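Colleague: This is what each chain is made of:
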Amino acid sequence: MRVVAWVAAFVALAALPFFLGSYHNDVYRKLLLWVTLALGYNFLFGICGQVAFSHFAFYGIGAYGVVILLFQVGLPLPIAILLALLICVILALIVAIPATRLEGFYLALVTLALAQLFIVLLNEGGTVTGGAGGIANYRLPPIFGTRISGPAYTLVIVALLMLTLALLWRLDRSWFGRACRAVRDNPEAAAAMGVDVARTKVIAFTLTSALAGMAGMVYAFVDNTVNPPIFGLENAFLILFMVIVGGAGRHAGAIIGAVLLFLLPFWLSPVVGHHHQLIFGALVVAAILLWPKGLVGIWDRFSR
Amino acid sequence: MGPLLQVSRVTKRFGGLTAVSKLAFELRRGEILGVIGPNGAGKSTTFNIIAGTYAADEGEIRFDGESIAGMPPHQIARRGVMRTFQHNRPFEGMSVLENVLVGAHTRFGRNLFSRSAAAEEREQRAQAERLVEFVGLGELRTANVDRLSFGQGRLLEIARALAGAPKLILFDEPAAGLTRAEAERIATVIRGIAERGIAVLLIEHDMHFLLPLAHRVVVLNFGAKIAEGTSDEVRSHPAVLDAYLGHAAAV
Amino acid sequence: MQDFLELAVSATASGCIYGLMALAYLLMIRPTGIINFAVGEWAMVAAFGGHLLLSRWEWPYAAGMAVVILFMAILGSTTERIAVRPLVERGAPLLAPILALLGVLVVTREVISVSFPPDPMPVPFPFDIGRLELGPVGGSYQSFFIITVTALVFIGAWLFFEKTLWGKSFEAVALNRRAAALMGINLSRVTTLSFAGGAAVAGLAGLLVSPNVSAHYLMGVPLAIQGFTALVIGGVGRVEGAILGGLVLAFAEQLTARYAPIPSGFAQGVPLVFLMIFLLVRPTGLLKVRA
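Which chain is which? The protein sequence lines are A, Z and V, in order.
With this note's numbering applied, the first sequence corresponds to residues 1 to 304, in that order.
With this note's numbering applied, the second sequence corresponds to residues 1 to 251, in that order.
With this note's numbering applied, the third sequence corresponds to residues 1 to 291, in that order.
Rather than coming from a laboratory, the hints here were simulated on the basis of the structure.
As the structure is a computational prediction, the values presented were derived from the model and not from experiment.
Don't take every hint at face value.
Partial chain Z-side listing against chain A, Cβ under 10 Å, derived [to be verified]:
{"hint": "1", "residue": "T53"}
{"hint": "2", "residue": "I76"}
{"hint": "3", "residue": "Q86"}
{"hint": "4", "residue": "R89"}
{"hint": "5", "residue": "L101"}
{"hint": "6", "residue": "R107"}
{"hint": "7", "residue": "L112"}
{"hint": "8", "residue": "A117"}
We put the CB at the ideal spot given by N, CA and C, even for glycine.
Work out the full structure, taking the sequences as your base and the hints as a guide.
Modeller: As structure tokens, then:
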């Protein structure tokens, strides 16, 4: 994409909150975060072919991490951010290095266990994690003397989204992205072409987990509260569903899937109440059976 | 200059079965070496040991002066040994050109974000296009690989292997499943490859395909080498005829 | 010592539940390679079925149990027909049905959640609540019932795989699909049967555990994870591995909760830690896979 397009997109996304009321602003910020997460997950699952359920666990480690390091350990903001990021990276490496030496689905299983374990630790974490109630009533410390909140904070989220997209876009088009796709499509042939399959998987997993962690840190100051249910398996499944329905392997697919599935409950709630999960599950099954390339695939077919 | 590939006393056992026993042969630059033998002779095992899929239990394999025994496939590829697969293994989600670009993986610098990275990508793309032309798939270069016929898929395997600028290409039964015309085309491509100074090792069942093509032939039976020489020498070698009893008529 | 024996009975009963869940996975993984996480939701459906038939409509226990299990078998084979068969026939990668089954998992849970009130629903015990003392060993009627039923199921499963033609054909398909098909084994029938069986066994587990814990629409995922952990511990190759894994897991869980100097909430983490350790260190499980 040209630089002009990127700038235009940034401006459009950043300007939008000024035209929305506060309720819609809240939805908008959450939507932007979900799109960010979906882009990262799409890289790991759609482009590199690795199934993992720890994306939201890393989101949570970033969120809880920065909050705990800031307000319980008392570190200054930049250090808290870097340290929380480092924790995400180290944990991702610990999980990925042994798991990727084994056959494909092992990473999925290990990350499933990790995700559940994270929730148990959060719930049982006593005063450190705030237990089942979580931690609330904190604020982002002033940066260079100013407090960033409201629409200005939305700018931060938009910046996060654009940076994530730019990074993943660039990677996708590089030899690394190609290596990831080769690992996805045929790991044995990829190795024969000189691709270090295990290392490629580890890098993809660690990178996307770190990105999820960063998104988590930004999330922590959106509602100024963190609690366990947000980071559980439910949402891990949901992000997978978003990517599948939207079209795995394409950035546009991740964006469409995230926007659709995030907004769907709002539009459907008069009809199905809280049970939108039912629609999601059905959509995923339908997508896998009928439109394996997702909504983006259908769009492609029509525009040809 | 020593031989490019040196296999010495290589032995491989699977449980109680000795698949390859004290195998030794050499291969020089620009040479086409054929490895033949009846079913179960150990050709595939030998191939996979050199390519790094299996590790030999005993013996040495030296490539360009370096020991590659026990190295994983991707490291062997980095050293200039590329291979094709008998049952075509394309990267299904990508176009023909993209597939060939994966073959060039080892040629890319590690830099992802520098200015030169974009130029490198363009250059590799141009080279990949030339390779796709060379094997005769030019028209299909942006097509997704699921549109290729079996024979075209085989050509893709070759283009992909060439993309790594290898010093040695291992062909795994390149004529298998092809029509006579397609096999002819492959043979021409392989000759062209050898003329460029790339060594070729090919295992093959089809004698009609292999004997006219290979400079030298190694014959295996029951995991051991029973003959070695030019195609003519091997064709009339008593041990070879004996091993192929019944197949001898075809030769 | 008395304390420990008490715990042993309770752990054995839990281990039986985990073992049944592991067996459910096994029945489907062996012939198809598909890991079906929806088994947890299947157990949940059966628990609600038990609530409906046995509690609300007050059917006799044996009849209710039989109908629920039969229903589960039908549910399992229907799931296979809809979500698995089209993908397998199309030659889709193994990942596709596994992910489709995740969708089924969510749909199943939501259907139950829509149909019943959100509170835990009671499921009656087959026998009056009471204790049984067998010498030094004592436990609730339910615990012994669970152990007995599980033992019967496992003996049946073992006999099925070892002695019957059907069981051997499962093994044949597990070892080499193409060869099995060439030998005349009807692949789709084996697959349907494996899913029906998996659902029935998972349903049985749900029925057996729910009198103690009540039927609740969130009970599926923990059971699915515990069952899977038991499977990994015991090794995916053999029926005996499933029950062994279940027992090892249950004992580890309860011994940790009882005797370890950590807060009780962390006991939930035990299956997860075990799962991670076994996956990373010893993925083939405790028993050697039959060659």
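Colleague: Confirm or reject each hint.
Modeller: Okay, the hints, checked on the actual structure:
With a cut of 10 Å, the hint placing T53/Z at the interface with chain A holds, because the nearest CB-to-CB distance is about 8 Å. About 9 Å separates the beta-carbon of I76/Z from the nearest beta-carbon of chain A, less than 10 Å, and the hint is met. A distance limit of 10 Å between C-beta atoms decides the matter here; for Q86/Z the minimum to chain A is near 12 Å, and the interface restraint is violated. For R89/Z, the suggested interface contact is upheld, since its CB lies about 4 Å from the closest CB of chain A, less than 10 Å.
Checking L101/Z against chain A: minimum C-beta separation of about 6 Å stays under 10 Å; hint holds. A hinted interface residue such as R107/Z counts as satisfied when its beta carbon comes closer than 10 Å to some beta carbon of chain A; here the least separation is about 9 Å, so the hint holds. Taking 10 Å as the C-beta contact cut-off toward chain A, the hint placing L112/Z at the interface holds, the least distance being around 5 Å. Because the closest C-beta pair between A117/Z and chain A is about 7 Å apart, less than 10 Å, the hint holds.
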